[in-house]
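**Student:** The whole structure should be built from the sequences, with the hints applied where relevant.
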Amino acid sequence: MNFLFNWMYYFASGGLILVGLYIVLVKTNLIKIIIGINFIETGVNILLISIGYIKGRTAPIFSTTDINPADVVDPVPQALVLTAIVIGVAVLALALSIVIRVYKHNKTLDVTKIKGLKW
Amino acid sequence: MRRVISIIILLIIAGGLILAFSQIPFGKNKINVANYYIKKGIEETGAVNIITSVVLNYRGFDTLGEVTVLFIAAIGLGAVLFVERKVQRKVSSNKEDKIKKASLILRTGTQLLFPLILLFSTYIFVHGHLTPGGGFQGGAIFASAFLLMYLVFPKQSINKKSSSVAESLGGLIFVGIGLLGLIFSGHFLANFLPKGVPRTIFSAGIIPIIYIAIGFKVGFEITVIIDNLLERSK
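Protein sequences, first through last, are from chains X and B.
Here the first sequence stands for residues 1 to 119, numbered as in this note's numbering.
Here the second sequence stands for residues 1 to 234, numbered as in this note's numbering.
A few of these clues could be false.
Some but not every residue of chain X turned toward chain B, in silico, with C-beta under 10 Å [said to hold, decoys possible]:
#	residue
1	N29
2	P60
3	F62
4	T64
5	T65
6	A70
7	V72
8	V76
9	A79
10	T83
11	I85
12	S97
13	I98
The list that follows gives simulated cross-link-like pairs (lysine-lysine, DSS-like), each with its CA atoms no further than 25 Å apart [said to hold, decoys possible]:
#	chain 1	residue 1	chain 2	residue 2
14	X	K55	B	K39
15	X	K115	X	K27
16	B	K28	X	K55
Hints are computed from structural coordinates only; laboratory data are not their basis.
Where is the CB? At the ideal position from N, CA and C, for every residue including glycine.
**Tutor:** Here you go:
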């Protein structure tokens, strides 16, 4: 039980990354592939946050004077993930707009039926 | 066949991930570079939220790059969807009657909540240096208010020109303050304003100004993205 609790966040992030990769590799619908990429992104974000976590410590915000500097978690991964989430939304929207164009052009979302994507 | 090969690949990747994760202890103290930020952050930047001081002061240049990525994504979306817009207009005229009116609950709730959500987002990005939050989160909340409005009144849209002016102004303020830092302190994005007393709203020098600019920039960018995607689907 203790083992599971200690590694829960790593399992969650690794699981999300693997599920996302499976979707990207196996599914043929373009929208599903983009959702898979979003899964990978979420997994990476959770991984970064959980690496920065330190047991029993609080957020690195000294909103009151009685918080000890030796009592806070790592702020750098949180600062990275903060911007990565918003950029993820914008890039997801860009990818979906490209999918809209691909659908208009080919009348299908199936990557195996789009001739331009074959080599 | 493809499924089997991809499961084999995934198993290999899973093995690699497990090997890597087993080397990283969970919940142990691994802080290295951030020790400096935690100990000196308040006195050097005046911001009590160390994450904000990392985002906008120690790694402000990095954030400028990330804001640029966001800007390019929004522009790219506009460019990708722009080409067919004229053709789309003709078709949409008879389709528009089919759009269902939003329910009474959604309409009334949105009309009541819209100013409150805007107020809350403003609180989030003005207090970025004091409490959890900041420009990126506040901007996302800002855009969510407009998303609600789009759900209720799908035929109307925001003023494209003024929203793009506000968006560009946000980016220009960010770069301009960076250049002012170059003039006054000799470093790009240097914190040249007085730091003030920590835990008060007028503290932390340039950080609140930049975060307000980022808040409006992100908010209007996501709103324009929503607008472009909705206009396309009409």
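**Student:** Would you mind marking each hint as holding or not holding in the structure?
**Tutor:** Quick rundown of the hints versus the structure:
Of the supplied interface hints, the one on N29 of chain X is violated, with its beta-carbon coming no nearer than about 14 Å to a beta-carbon of chain B, more than 10 Å. Because the smallest distance between the Cβ of P60 of chain X and any Cβ of chain B comes to about 4 Å, under 10 Å, the interface hint for this residue holds. Because the beta carbon of F62 of chain X sits about 4 Å from the nearest beta carbon in chain B, less than 10 Å, this interface hint is met. The closest approach between the C-beta of T64 of chain X and any C-beta of chain B is roughly 8 Å, which is under the 10 Å cut-off, so the hint is satisfied.
Given the 10 Å rule on beta carbons, the hint for T65 of chain X holds: about 8 Å separates it from the nearest Cβ of chain B. For A70 of chain X, the interface hint holds, since its Cβ comes within 10 Å of a Cβ in chain B; the closest pair sits about 8 Å apart. Interface restraint check: V72 of chain X against chain B, minimum CB-CB distance 6 Å, threshold 10 Å, status holds. Among the interface hints, the one on V76 of chain X holds; its C-beta lies about 5 Å from the nearest C-beta in chain B, closer than the 10 Å criterion.
Residue-level restraint check for A79 of chain X holds (minimum Cβ-Cβ distance to chain B is 4 Å; threshold 10 Å). The closest approach between the C-beta of T83 of chain X and any C-beta of chain B is roughly 4 Å, which is under the 10 Å cut-off, so the hint is satisfied. Residue-level restraint check for I85 of chain X holds (minimum Cβ-Cβ distance to chain B is 7 Å; threshold 10 Å). Because the beta carbon of S97 of chain X sits about 5 Å from the nearest beta carbon in chain B, less than 10 Å, this interface hint is met.
The interface hint given for I98 of chain X is met, as the beta carbon of that residue sits about 6 Å from the closest beta carbon of chain B, less than 10 Å. Only pairs whose Cα atoms come within 25 Å are accepted, and K55 of chain X paired with K39 of chain B is accepted, the gap being roughly 19 Å. Between K115 of chain X and K27 of chain X, the direct Cα distance comes to roughly 17 Å. Compliance with the 25 Å bound is thereby established for this hinted pair. Proposed proximity of K28 of chain B and K55 of chain X is supported: the alpha carbons are some 7 Å apart, at most 25 Å.
In summary, the structure is inconsistent with hint 1 from the numbered list given earlier, while agreeing with all the others.
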